[in-house]
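Sequences and hints are given; from them, build the entire structure.
There are 6 protein chains.
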Amino acid sequence: MYTQPDHITALDLPIPERDRLPETFQKYFAICEEKLGMVPNVLKAYSQNPAQLDVFSKLYNELMFGESGLSTLEREMIAVAVSSSNGCYYCQVAHGAAVREYSEQPQLGEMIVMNYRVAELSARHRAMLDFAIKLTETPDRILEADRQQLRDAGFSDSDIWDIANIIGFYNMTNRVASAVDMQPNPEYHALHR
Amino acid sequence: MYTQPDHITALDLPIPERDRLPETFQKYFAICEEKLGMVPNVLKAYSQNPAQLDVFSKLYNELMFGESGLSTLEREMIAVAVSSSNGCYYCQVAHGAAVREYSEQPQLGEMIVMNYRVAELSARHRAMLDFAIKLTETPDRILEADRQQLRDAGFSDSDIWDIANIIGFYNMTNRVASAVDMQPNPEYHALHR
Amino acid sequence: MYTQPDHITALDLPIPERDRLPETFQKYFAICEEKLGMVPNVLKAYSQNPAQLDVFSKLYNELMFGESGLSTLEREMIAVAVSSSNGCYYCQVAHGAAVREYSEQPQLGEMIVMNYRVAELSARHRAMLDFAIKLTETPDRILEADRQQLRDAGFSDSDIWDIANIIGFYNMTNRVASAVDMQPNPEYHALHR
Amino acid sequence: MYTQPDHITALDLPIPERDRLPETFQKYFAICEEKLGMVPNVLKAYSQNPAQLDVFSKLYNELMFGESGLSTLEREMIAVAVSSSNGCYYCQVAHGAAVREYSEQPQLGEMIVMNYRVAELSARHRAMLDFAIKLTETPDRILEADRQQLRDAGFSDSDIWDIANIIGFYNMTNRVASAVDMQPNPEYHALHR
Amino acid sequence: MYTQPDHITALDLPIPERDRLPETFQKYFAICEEKLGMVPNVLKAYSQNPAQLDVFSKLYNELMFGESGLSTLEREMIAVAVSSSNGCYYCQVAHGAAVREYSEQPQLGEMIVMNYRVAELSARHRAMLDFAIKLTETPDRILEADRQQLRDAGFSDSDIWDIANIIGFYNMTNRVASAVDMQPNPEYHALHR
Amino acid sequence: MYTQPDHITALDLPIPERDRLPETFQKYFAICEEKLGMVPNVLKAYSQNPAQLDVFSKLYNELMFGESGLSTLEREMIAVAVSSSNGCYYCQVAHGAAVREYSEQPQLGEMIVMNYRVAELSARHRAMLDFAIKLTETPDRILEADRQQLRDAGFSDSDIWDIANIIGFYNMTNRVASAVDMQPNPEYHALHR
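Chains as they are written, first to last, in this note's numbering: chain A, 105 to 297; chain B, 105 to 297; chain C, 105 to 297; chain D, 105 to 297; chain E, 105 to 297; chain F, 105 to 297.
Watch out, some of these pointers could steer you wrong.
Identical copies go unnamed one by one, so any copy, or any two together, can satisfy a pair.
[Claimed, not checked] Below, computed lysine to aspartate or glutamate pairings styled on DMTMM-like, alpha-carbon distance capped at 25 Å:
{"#": "1", "residue 1": "LYS131", "residue 2": "ASP244"}
{"#": "2", "residue 1": "LYS238", "residue 2": "ASP250"}
{"#": "3", "residue 1": "LYS238", "residue 2": "ASP116"}
{"#": "4", "residue 1": "LYS162", "residue 2": "GLU205"}
{"#": "5", "residue 1": "LYS131", "residue 2": "GLU166"}
{"#": "6", "residue 1": "LYS238", "residue 2": "ASP123"}
{"#": "7", "residue 1": "LYS131", "residue 2": "ASP158"}
{"#": "8", "residue 1": "LYS139", "residue 2": "GLU241"}
{"#": "9", "residue 1": "LYS139", "residue 2": "ASP261"}
{"#": "10", "residue 1": "LYS131", "residue 2": "GLU208"}
{"#": "11", "residue 1": "LYS162", "residue 2": "ASP263"}
Derived by calculation from the structure, the hints in this document are not laboratory data.
Written out as structure tokens, the structure reads:
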């Protein structure tokens, strides 16, 4: 039917053997394996350029795990809603698994992939995802009224800054992944069902 | 996080108790339970009007299981691609499970939900799904060249007729399901992973 | 200028001579001729597969002429508005004629073909057609608020179910007709002007 | 069902009595009545401002009846295709009647209103209308290749200039008519059927 | 990097030498040079056909400089907003310079080119440009409510007529300019910075 | 006419006084002032969170000034084309100035803001910007054929990786800037005209 591609990306990139990577990244990859059971392919792809890998992974960790008024699950919900709107296969697979994990509600992960609008969400989460989709699909049409809806749903201005940055981040990675046909690690599919 | 709705649809419809249904439907529902482990909610919803249930289920069975040059998996692949384009939660869940089952490739079900364009499909299946999406999204722009691409991929004119009818059918059911917020049976999520 | 095609569809389909059809359909076609002055080409096209013709025509008759809180004209208005949005030539011609007939207002048929938004409709009909177009164009964006607008315009939940099914039905037939370049019977053009 | 509006536009404009108009326009209106059987409402609307009426009607007459490599029917076909894409009720009614008249093929008028893509047109007319729709819908995406397709279909560079101006003109009038809810004279509907 | 085209349009048109033009136009061009420091290329292009040049320039002058409740700056703001939505290079350059000139706020010209929604405008100007963009992008969706918003912002019905005509005019010229790759005079770029 | 906002963003964020910033950032800001004549507002906005400012500025510098087969001007051209498609005022202003600077062709900066398709670009730059816009507008539709067009225009696979990352980066920053109504420093407008 369908042939599973055996590439990380469709580009011919000089991805080094893992034991040729700078030691920091060897350690980082070991931690990934311990925590996730794999080294995500996105990190392998960026490892072709250690300077890029360094800043990319720092930005990712800062936005997804740094101090914030948003819970980790909320950040992952944004990741999946944005990636669904952009049709990014890699990010829907990887972050869909994360929503299943953090919510302990496997259906929620699928629902945000398929159409978050049908989910019976709290007013807070509905406002958060509505903003995520509007900013993703029509960034030029965001007005003060849109920011106010987030405030009305209980978000502080610092939270809105974080929401904007996380939405922005997945609009970046979705496009990198789609541009190069990045393949998610097959392990994600069975996780947290 | 998310509250699983306990309704079949968001409408207040006179769905009868199962033992009040005409005997044919009681038998039909028993067969569903035997084969699928459940009575799909779409059939329960239509059972409020036995005449509608009768014609709807006959059309469904004719198009999905009647004589055709298309395999059952191919028909289910169309169902999922169309339902993904239309953002129909019910049909992506129910027919995504069917693609996982018939293909024995769970990832294929997810891939067509998330973005069928990234899948490494045969030329036949690529042409079939490209036509499905064009007919779904811009039905007014279908030209002879589009039909010819199906012929070039090996489909007969009778196959094209069947493809058109299956694409049409899911454009109908997607809209009925979305219009009434039809909820898929929770059992689907775990099937054929 | 323009050459009238002499085909029923652009596909090479095994449409049988009328006297080779099962007797029920010969009778059905005779009734059509009596009532409409012709056998609609859509029925001739489906007659290549008697099982399909049977379920298609039963679904059509159930939705358009079965018990419902919607008048026949209202169902035809939905048919034309949906078909206009989808750019389906066959259905705009055939059901445009029906709106001219049932309304006895020829301009109303043209208006719904051209842009129903300009018509001075009752609040009930405006709400009905607004829902039809939203469900046709962005089925993934239908929310409870949309259903509520129909209730506010006086429709019962059973009416909404019927509206959803009729909208769905024309989203199916529009795509079948466009996929195969189905040609309307030339007789329609002059009817009920 | 539907209430025929009795206004020319939805705006409260100082449209003068006909006998108060400058004499040139009284004559012009008399000619319209003789040739068309009516004074088109668009002219009545512009008559509130004689200076505007003067330049508008001169531009209209220059583009539609001036020297050109395009036949009058071709100019009217462009008018209808553009007006259909823009959903302009007034212009579809008025110029649809003109296509029926000049082509002596009533179906052609309806076809261009409903979806010109299904018409079996000559390569020249197909290229002309494809250009009209692309320039109407995505003017920012016109490239040299689009102009070349017109040349390949036999149009001279002067013809292309005329085509561009006629497409432009209806993109203007469509928006004026829609902005003010301009109503076509009821006489158009029955003409040239 | 980029090669400045040396054509007025991409078409091969019989544009006459200036001293072969009818005397009225020679005078008109002299006035342009005096006031603007150049003869705008759009006038040179139309000069291939004196009858067209005559009506085009009269309509332009009537709409942009005739009696109206709209200031010249307001008319130019509409010109730029519409031209930005349509991606018309010629008109954004030429009328962007005019907004810089009339407003004496160079940033305002750039802002309307780039995204008028971010500008802190008066309610009157916001309503005017919102209407301009809606009428430009979705002319078929204009309703009485849209006209009412203009009235609520202080515009009279005669003003709305003028707004509609100016929006319409740039929807015409944008398409003519894009269709023929009309190049703005290089002088515009440095004006009124 | 228009009131210049005096905020950096529309959010109430704890942006520290410059002399309270960690010393590295004080130095970084001093370098900006020396080189650009200002500290870009985007850096001031991020300075509310030193950890974010650190990774954001490193990613920016890596992508825009790190080793690559793309020239700095090419990266800036991508920045402006993407920002124009997304309607981001901040980035069009800031990077439009950069294109004017690096190209020494002020018109090129305006052209990419207004509609890059009209520019007479080399095949390399046309392919690069076409890819940028397709990845920005329809990231789900990128196929191997799109990557191949970049290769055919002379880009290596490593160049494509860089192109993808720069396009992604501006799809991130455009959304952050639009989400928070970030205002560009007024100094940009007059630079490099």
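Item to check | Homo-oligomer pair classification [ASP158, LYS131; C-alpha up to 25 Å] | outcome: both (13 Å within a copy, 22 Å between copies)
Next on the checklist: With identical chains, the pair LYS131 and GLU208 could be close in the same copy or across copies; at 25 Å between alpha carbons, which is it: within, between, both, or neither?
Outcome noted: neither (29 Å within a copy, 37 Å between copies)
Next on the checklist: When Cα atoms must be at most 25 Å apart, do LYS238 and ASP250 count as within-copy, between-copy, both, or neither?
Outcome noted: Close inside one copy (9 Å) and across copies (19 Å); limit 25 Å.
Checklist entry - Can you tell me if LYS162 and GLU205 fall within 25 Å by alpha carbon in one copy, between copies, both or neither? => result within (22 Å within a copy, 31 Å between copies)
Next on the checklist: Please sort LYS139 with ASP261 into within, between, both or neither, judging by C-alpha distance up to 25 Å.
Outcome noted: Result: close neither inside a copy nor across copies, 33 Å intra and 32 Å inter.
Checklist entry - From the Cα coordinates, with 25 Å as the cut-off, is the pair LYS238 and ASP116 best called within, between, both, or neither? => result between (35 Å within a copy, 22 Å between copies)
Checklist entry - How would you label the pair LYS131, GLU166 (within, between, both, or neither) given a Cα cut-off of 25 Å? => result both (18 Å within a copy, 23 Å between copies)
Item to check | Intra- versus inter-subunit Cα pairing at 25 Å for LYS131 with ASP244 | outcome: Neither, since 41 Å and 34 Å both go past 25 Å.
Checklist entry - Given a CA cutoff of 25 Å, do LYS238 and ASP123 count as a within-copy pair, a between-copy pair, both, or neither? => result neither (43 Å within a copy, 37 Å between copies)
Next on the checklist: With identical chains, the pair LYS162 and ASP263 could be close in the same copy or across copies; at 25 Å between alpha carbons, which is it: within, between, both, or neither?
Outcome noted: Both ways: LYS162 and ASP263 sit 20 Å apart in one copy and 23 Å across, limit 25 Å.
Item to check | Intra/inter-copy verdict for LYS139 and GLU241 if alpha-carbon distance must be at most 25 Å | outcome: neither (33 Å within a copy, 35 Å between copies)
In this structure, the hints that do not hold are numbers 1, 6, 8, 9, 10, in rising order.
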